[in-house]
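Protein chains: 4
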Amino acid sequence: MIKVGIVGGTGYTGVELLRILANHPQVKVEVITSRSEEGIAVADMFPNLRGHFDLAFTVPDVERLAQCDVVFFATPHGVAMSLAPELIARGVKVIDLGADFRIKDVAVWEDWYKMSHTCPDLVAQAVYGLPEVNREAIASAQLIACAGCYPTATQLGFLPLLEAGLVDHRRLIADCKSGVSGAGRGASVGSLLCESSESFKAYGVAGHRHLPEIRQGLSLAAGKPVGLTFVPHLTPMIRGIHATLYATLKDPVDQGLQTLFAERYAHEPFVDVMPAGSHPETRSVKGSNVCRISVHRPQNDDTVVVLSVIDNLVKGASGQAVQIMNLMFERPENEGLQQVALMP
Amino acid sequence: MIKVGIVGGTGYTGVELLRILANHPQVKVEVITSRSEEGIAVADMFPNLRGHFDLAFTVPDVERLAQCDVVFFATPHGVAMSLAPELIARGVKVIDLGADFRIKDVAVWEDWYKMSHTCPDLVAQAVYGLPEVNREAIASAQLIACAGCYPTATQLGFLPLLEAGLVDHRRLIADCKSGVSGAGRGASVGSLLCESSESFKAYGVAGHRHLPEIRQGLSLAAGKPVGLTFVPHLTPMIRGIHATLYATLKDPVDQGLQTLFAERYAHEPFVDVMPAGSHPETRSVKGSNVCRISVHRPQNDDTVVVLSVIDNLVKGASGQAVQIMNLMFERPENEGLQQVALMP
Amino acid sequence: MIKVGIVGGTGYTGVELLRILANHPQVKVEVITSRSEEGIAVADMFPNLRGHFDLAFTVPDVERLAQCDVVFFATPHGVAMSLAPELIARGVKVIDLGADFRIKDVAVWEDWYKMSHTCPDLVAQAVYGLPEVNREAIASAQLIACAGCYPTATQLGFLPLLEAGLVDHRRLIADCKSGVSGAGRGASVGSLLCESSESFKAYGVAGHRHLPEIRQGLSLAAGKPVGLTFVPHLTPMIRGIHATLYATLKDPVDQGLQTLFAERYAHEPFVDVMPAGSHPETRSVKGSNVCRISVHRPQNDDTVVVLSVIDNLVKGASGQAVQIMNLMFERPENEGLQQVALMP
Amino acid sequence: MIKVGIVGGTGYTGVELLRILANHPQVKVEVITSRSEEGIAVADMFPNLRGHFDLAFTVPDVERLAQCDVVFFATPHGVAMSLAPELIARGVKVIDLGADFRIKDVAVWEDWYKMSHTCPDLVAQAVYGLPEVNREAIASAQLIACAGCYPTATQLGFLPLLEAGLVDHRRLIADCKSGVSGAGRGASVGSLLCESSESFKAYGVAGHRHLPEIRQGLSLAAGKPVGLTFVPHLTPMIRGIHATLYATLKDPVDQGLQTLFAERYAHEPFVDVMPAGSHPETRSVKGSNVCRISVHRPQNDDTVVVLSVIDNLVKGASGQAVQIMNLMFERPENEGLQQVALMP
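Protein chains in written order, with the UniProt record's numbering: chain L, 1 to 344; chain Y, 1 to 344; chain G, 1 to 344; chain F, 1 to 344.
It is worth saying that the hints were derived from the structure and are not from the lab.
Note that beta-carbon positions come from the ideal geometry of N, C-alpha and C, so glycine has one too.
Any given hint could be a false lead.
Stated by the list, open to error - DEER-style ranges, computed between Cβ atoms: (1) P25/Y with A276/F: 53 to 61 Å; (2) A276/G with S188/F: 26 to 34 Å; (3) A276/Y with D121/G: 51 to 59 Å; (4) E86/L with P275/Y: 33 to 41 Å; (5) A276/Y with I40/G: 39 to 47 Å; (6) A56/L with A124/G: 47 to 55 Å.
What the hints assert, rightly or not - Beyond 10 Å from chain L on every Cβ pair, some chain G residues (computed): (7) G78; (8) S82; (9) R135; (10) Q142; (11) E163; (12) E198; (13) A221; (14) A266; (15) E330.
Here chain L stands alone, though its shape is the one from the complex (with noise of 0.2 Å):
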């Protein structure tokens, strides 16, 4: 059984990954915690999880930490980068959901984030979290920066057009669309239902924390430096990412479009490239690991649209996570994540 700690567990990534991991058989949970909720039993905080754990917030301590096999981080930033350097050293696998090792450039990252980095040195050995662009490395790496839920989203959209060189790299837009759970479980106005349901809006148009990291990721696939405009929007349901994304044509008379994404990902076991002509909903990933892309060349025209779709909290932090965990820990990649999405 793998030995798993999770830091910041009151969170939606946390609580997510609980309900993930109440499924995985070969998983135990040996500890959560929240300095907020200390001695609360979890299945009090969230009844969905009444019956699968007998386990109690506690607050954070290296030492019980250290007994575990792998420590997830589901916390805001700053948070991991103050812990995981001991984890580390004590020979511990670190998974952060959060955003502190995204970022290779480390200025870059304190130009964003509005802090300074306590440990620089990790950034450089952490591995990106995202399975379908370097799985290897994450079956090998000690310490993970799991993709953010945007990024992924993005990412596994563009990939395909920016490693075949099909797209003009230097004019990218990212439209994206996700549910208020991505804002998390914090209690601010901007996210009660009286204020986001029936509603919906562009934020962050100026510049969001997600821009540089999809920037990065899409330069390495492109080989070159990308300009992207990436604006992402507010959409009144719980769950889901839906990205839309447009790119021109080099080559106006490209038609192999279908046939490129669908063998980029013919072996990638969450990423389902849909028929052509598909308009992927954000509910058919509800609940479930899987990204579901179409590819789309409006009136045969030069502007490919390509259409992403993942559950923010699966694929997009918690699912991500525990499919990472199972390469790390050479398990099969999809134990724990076979959940079929919840429709309607």
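Dock chains Y, G and F against the given chain L, drawing on the hints supplied.
Then chains Y, G and F, alone, in the frame of chain L:
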């Protein structure tokens, strides 16, 4: 492996059966029928099933259904009674998620369902599918009439009080709220998002088809005919039933309600009696087969208030049907049913 | 023009007052206060008001408020009683949308609101703001305690039955459902879209602050103390209250319920008794000051079921307050209140 | 008083016309037609209209319609062109909310709408109903083809940039999101709450009927044929359209975008250019005739992002039609259209 057939696979209870059975280790779905969708792959119609089923809808064919070990009817009333007799004659087990065999008094059934019953003899033979009431009879039955959604939530909430004879059986009130999926997948104006979201209303106050079913079950539990007022309401959400139940204590000084409920359901795998003072949320059972119940006595007055929540498509329909199948085939009762509710 | 002041303009009842008063031909809003938002233009905080108000929030200042003809308090309990006395002394009319002056028995108020009342004398002077009950007293009052949202829907539904003495006053049940806006604009986890959408739950079953208010009103109507069980529920929508009310007929043969209700409210501009057999939807009053009611007698049994719907922010709060202002200033009662509900 | 007739009163744009006209001081609705609901009172079908209209649906009758001053067609394409010619011949003004007269190139119209046009001559005579573009022509027109919902939001957002010639007209992208009411009141599975809530998807990527309409309007503004990629999305809410528009600046150093937009719409009663950096929410226009716009230049790059929101049933349909009627009858342009958006 249990060879399963499903008649009427295009409605919400049909696709929910597929979602649940996809992860049942001992089940193989052999046949799924739909007159309207003949030849369509189930995964093309319900993309959440992509990668889980390689199966297409066929027109109902008794020959093919007769080769299954069990056939589920996820159909409107009137369908099961037309096909069940021959399947029963051939030794196939039949689990009807519809209403054809729920009411023992055929005249009452015909009065509420506005059609004549074509096999009243089978009504007598059919076992009412509510494991918490008649688990043994279910295990040895060949024909099951699964309890309806409102009837499941309402009976599980009232049973302890009526079996113990603690309340006035002549004046029971069930104020029930259901998500829109209870209205099914048929295209009707009333179920449009624009008609049913951001609004709340009662319906069928004059009389709802679940009234005689609930009354029959409660009268059996009370040992005498009960008086029941049942008011269903349409709630702006997809899944979930919340039953708010009112009864009058005969003995106002009685104090043991919490214990009564806890003991009644102590050994039930899918009934969760919550701590005193709890308010179960429907989302805490979304996608799971659990019924969560709490019992209250406001102001220490003589009115008992019971709160009972289920997912109408799971414990109220398809999950309960699989729980019943497990009993009929001597499988662990919770096999394939351990999914954790999706929250948030 | 009526010079209006609003204390507490940043909550939902405050912005709703502004929305309604923006189209009131005889009103000029002179002052709107908020300690937290001092100096912010109301139109910057609430963009729906852009172009309608050129007004900024100021800190509460009795001098400025005293120059208004009427001051609305759209504040949590405890605020109005701290400022009202001086305004009353200076001849300003005060309309409190909060709870400070609703309960005549100060000891009961202090018990439920957990604070001591600072001006019990004004409680005696205050007129309860429910025009359908005491229109004349309102017209000549200087201090109004507006009825709460649940109390408005519940009292309007029960009044005809109690005033006529047709039902058992000892066992009344009010099963009420409210949209999330009833919880206010404060940032709380429970009101997040991710916590309150796609779910339904009861709350405050042990005792809700509107219970004594409703009980007081119904006891006045019945001429004797009533017994009431009140169970509020949180519904996944922004606006609307649906009260489902249960009472037992003393004379089971009584047939004139529809006529009784129609006559009771025949001359009420904002109470719509719907045709027999109707099921009012909350959306049919969304944004309007109307209360729609239907009365049922299921199965011709002796239980009466009354369905009553309002918009909690309009007839349940700000609209009712404007209706009351019109009465106090001898304006047409429906002036500025003729907006049609938004449907869909 | 303006005598109004409405053809096709049972759809969402029809009931929305009634909601708006109910408070228009100079309008009397004389006739409202519906073949399916003949004889039904509008207030029985739409309870929000109870007390506002004493009018029943009748079958379309040219004689009766010809006695009106103006007839609105709130009908699917194909209906207006069958009745308009005779009404026009009799001197009645016609405002078509549908698509019959929007596309000047009849061949293009027939290609997209899959039917032959029965009065191409009237297409030439018809004035496109977008007051911000051709107010004067509207005032003197007899036949108006109201702009569609997506076309209104998209054109108002792009116009200042194209009229000023600041952007590359060959590569415009309109990523648009609409509430479900845009799909109309017809009973279709895709518009059920259970199918369209808690989900987000694109549709019609290969080609949507509003594409040629938008392209026609933008080409007129640019003075040359534009290249446009238009991707509509279905959003889980009732009302609202959010257009996110992308264009490439020819001159990357241009800085005056905010001023450009502010001046272009300085005298428009229903276009609100928001402060720099704003993110308009669709709810800020819910139920109102306003279009709110903000313009951004992320990272000071050469991609301009325009955000434009409307209520698809008001400024996108019925409100715009009333605004146009006011212009045609020399009434104040905002008469009957000053309602404040419902927020929350």
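Can we trust that R135/G is non-interface, i.e. its beta-carbon lies farther than 10 Å from all of chain L? R135/G clear of chain L: closest Cβ-Cβ about 32 Å, beyond 10 Å.
Has the hinted range 26 to 34 Å been met by the Cβ atoms of A276/G and S188/F? 32 Å, holds
Confirm or reject the claim that A276/Y and D121/G have a C-beta distance inside 51 to 59 Å. 41 Å Cβ-Cβ, so the 51 to 59 Å window is violated.
A cut-off of 10 Å on Cβ-Cβ distance, and G78/G was said to be off the interface with chain L. Does that hold? 22 Å, holds
Taking the shortest Cβ-to-Cβ distance between E330/G and chain L, state whether it exceeds 10 Å. 35 Å, holds
Does the Cβ pair P25/Y, A276/F satisfy 53 to 61 Å? For P25/Y and A276/F the Cβ distance comes to about 59 Å; the hint holds.
Would you say the C-beta atoms of A56/L and A124/G sit inside 47 to 55 Å of each other? 51 Å, holds
Non-interface claim for E163/G versus chain L (Cβ beyond 10 Å): 35 Å, holds
Hey, does E198/G actually stay past 10 Å from chain L on C-beta? 6 Å, violated
Regarding the assertion that A266/G does not contact chain L, is the least Cβ-Cβ distance greater than 10 Å? At about 35 Å from chain L, A266/G clears the 10 Å cut-off, so the statement holds.
Against chain L, does Q142/G keep a CB gap of more than 10 Å to every residue? 33 Å, holds
Please check whether A276/Y and I40/G have a Cβ separation lying inside 39 to 47 Å. For A276/Y and I40/G the Cβ distance comes to about 45 Å; the hint holds.
In summary, the numbered hints that this structure violates are 3, 12.
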